[in-house]
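Novice: Residue-level listing of the chains:
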Amino acid sequence: MIDWLVLAIAVPLLGSVVAAALPGRASAIGLATAVLTTGSALAASLVVAEGGSLRSDLGGWGAPLGIALAADGLSAALLVMSNLVALGISVYALDYFSGGVRRHFWPLWLLLWTSLNGVFLAADLFNVYVTLELLGISAAALGALSGRPDAVAANLRYLLVGLLGSMTYLLGVALLYTELGTLDIGLAAEALVPGPLAHTAFALMLGGLLLKAALFPLHFWLPPAHSQAPAAVSAALSALVVKAAVYLVLRLWMDLFGPVAGPGAGAMLGVLGAAAVVWGSWRAFRAERLKLLAAYSTVAQVGYLFLFFPLLAIAPPPEREALLGALVLLALTHGFAKAGLFLAAGLLQKRVGHDRIDELGPAIQSLPVVGLTLGLAGVALIGLPPSGTFIAKWILLAESIGAGQWWWAPVVLIGTLLASAYVYRLLANAFGPAAQAEPAAEGALAPIGRLAQAPALLMTLVAVVVLGLGGEPLWGLLEGVGP
Amino acid sequence: MYGLGGILLFLLGVWSFLVHDGLLRKLIAINVTGAGVFHVFIAVAYRGLDAAPDPVPHALVLTGIVVAVSATALALTLGQRLERPDD
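Those protein sequence lines, which keep their order, are chains A and B.
Using our numbering, the letters of the first sequence correspond one by one to residues 1 to 483.
Using our numbering, the letters of the second sequence correspond one by one to residues 1 to 87.
Just so you know, the hints here were simulated from the structure itself, not pulled from any lab data.
By construction, the Cβ of each residue, glycine as well, lies at the ideal position given by its N, Cα and C atoms.
A couple of the hints might just be wrong.
[Stated by the list, open to error] Stretch by stretch, here's where chain B covers chain A in the computed footprint (C-beta under 8 angstroms, at least three residues):
no. : segment
1   : 132 to 141
2   : 152 to 158
3   : 170 to 182
Just chain A, same shape as in the assembly (with noise of 0.2 angstroms):
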C-alpha cells in the first residue's frame, strides 16, 4: 500500500531541495510538485474519510520511541482546504512572480508547504516543535521576498514573535514529558493526570500557540506582516499558517489537555476572541489599504473561531460535534475566502501599482472578474448565505444561545455589521458614481492574465457555493474526532 501521509510530506521537501538545485526551472518543478502534493494529500483524506484516521509509523518504529505520523477527521478537511488552496496560489505565482524573486519563491514555498502538511499530520509533541518552527522561518523569509524595508522590517518582527511563540511551546513540551516520559500525542494522553504541573504546561503550550495563531491581543504582528508580503504569499499566511496555530490549540484542547482545559481556559479564549472579532472588524473597518483590510479581516475571523471554545467546553457529546463541524467548517471557507480575496487583492495592486481602496474603483471596473472575485469573498467574510460561514454563524448563535450564554450572540452581530460595512466600503467604490465618471485608460493599466485570475475566483466560489451548499459531509468526517 502506498503511504500518503509519507508522500504528502516527502513530494514538497523532495521539490523544494530541487527546485533550490535547479533555480532556472524553478517553476516548472514547483508546479509539478505541487500537483503531485495535493494529490499525496487528497488521497491520504480519502482514504481517511472512507476508513477512518490513518496511522503511520516512520521506518517500522512504533511510539514511544518512533515518530508516527497521524490523520483524522480534522486533519483531513484542515489538509484538503490547504492543500486546493496552496495549489490554487502556485498557479497564482507563476504569473505573480518574475525573474530572481521567483527562483528564490519556490524552494521556500515547497518547505512552507511540507511543514504545512506536517503540523496538519504530526501525532508527536516535538514534531509538531519542529513543524512549527519550520513554518514559522519559511513563512517569514517568504514574507520579506520582496526586501523592500518595511517588508523586511515586519516579517523580522513575525519571525521573532514566532520564536517566541515556540520557545514558549516547547517549555511546555518539556514540563509535560517530565512528568509522562513520552511524547507521542496519544500515549501522553492517557498518561496525563490533572494537576499543578499539566496545568502550567497547558498554559504555556496554549500561550505560545496563541501568540502565532494570532489571537487578540496578541495579534499585533499579524497585520504589517501578512499586509507586506507578495500577495501570494499573504494569501497563504493568512489562509493557511495562521489555520496551522488554531489547528494545533484545537488539537491539544481535544485530545490531550480534555481533563486539563475547562470550561475557565474556554471562557478566557472566548473572551480573547470576542475582543478579537470587535477589534478586527474594526480595524478592517477603518483601513486605508486593501490588503492591510484583509489582514485585520483575519484578526477578526480567527476571533470568531475561538468563540467556539466556551462552548465547547461545556457541551454534551451531540451539540459537540456540531459545534466542531461548524468550527472546522468557518475555517475552511475562511481559507478559501481570505485567499482568493488577497490573490484578487495582489490583482489589483498589480493593475494600479497601489491599493489604496478609495481609489482602486477603475481599476475593479476594468477586470470583472476580479470584481466578482472580490463580492464572493466578501458574501463569505459577513457570512451570508449561502455561504459556509453563514451555515457556521447559526450553529454558534444557536448553540450560545441554547447553552445559556447568549452573551456571545451580541458579539457575532457586531462583527458581522462591522464585516458589511467593510466589504460594502470596498465594493461601493468599484460600482460608485467616482467610478462610473472617469473610466481608467487603457493604456495605464498593467495586462492581468486569465490564469492569474482563475485561481482566486475558483477559491472564493468553493468557500462561497460549496461549502456552504456542500458542506454536509464535514459532519460526518468529524465523527468520533476528540474524545
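Position chain B against the provided structure of chain A, taking the given hints into account.
Specialist: Okay, now just chain B, sitting in the frame of chain A:
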C-alpha cells in the same frame, strides 16, 4: 535544581526580549530563552545516579539547537538587509 536554573534562564530571556529594543538584543534574548528550555530538557533526562540518562531529551535538544541556529541566521540576514536599505 538544574531544571529550575533552566526555567530561570527562560524567564530572563523572555523578560529581556520584551523589555529591550534592538534586533541584536532581542535575538540574544531569544537564544537565552532557548538555552533555558534546553537546560530543562537536559534536567529531564536525569534518571538517578546509577542509571544512564534518558537519550530522548538529548536528541530533542540537538534538533532544537539546529532549528534555533537556522532561525537566528535568518533573522540576522533580514537584519542586515534592513541596515542597507538602498541595496
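Novice: Now look at each hint and say whether the structure bears it out.
Specialist: Do the hints match the structure? See the list:
{"no.": "1", "hint": "132 to 141", "verdict": "holds (count 6)"}
{"no.": "2", "hint": "152 to 158", "verdict": "holds (count 4)"}
{"no.": "3", "hint": "170 to 182", "verdict": "holds (count 7)"}
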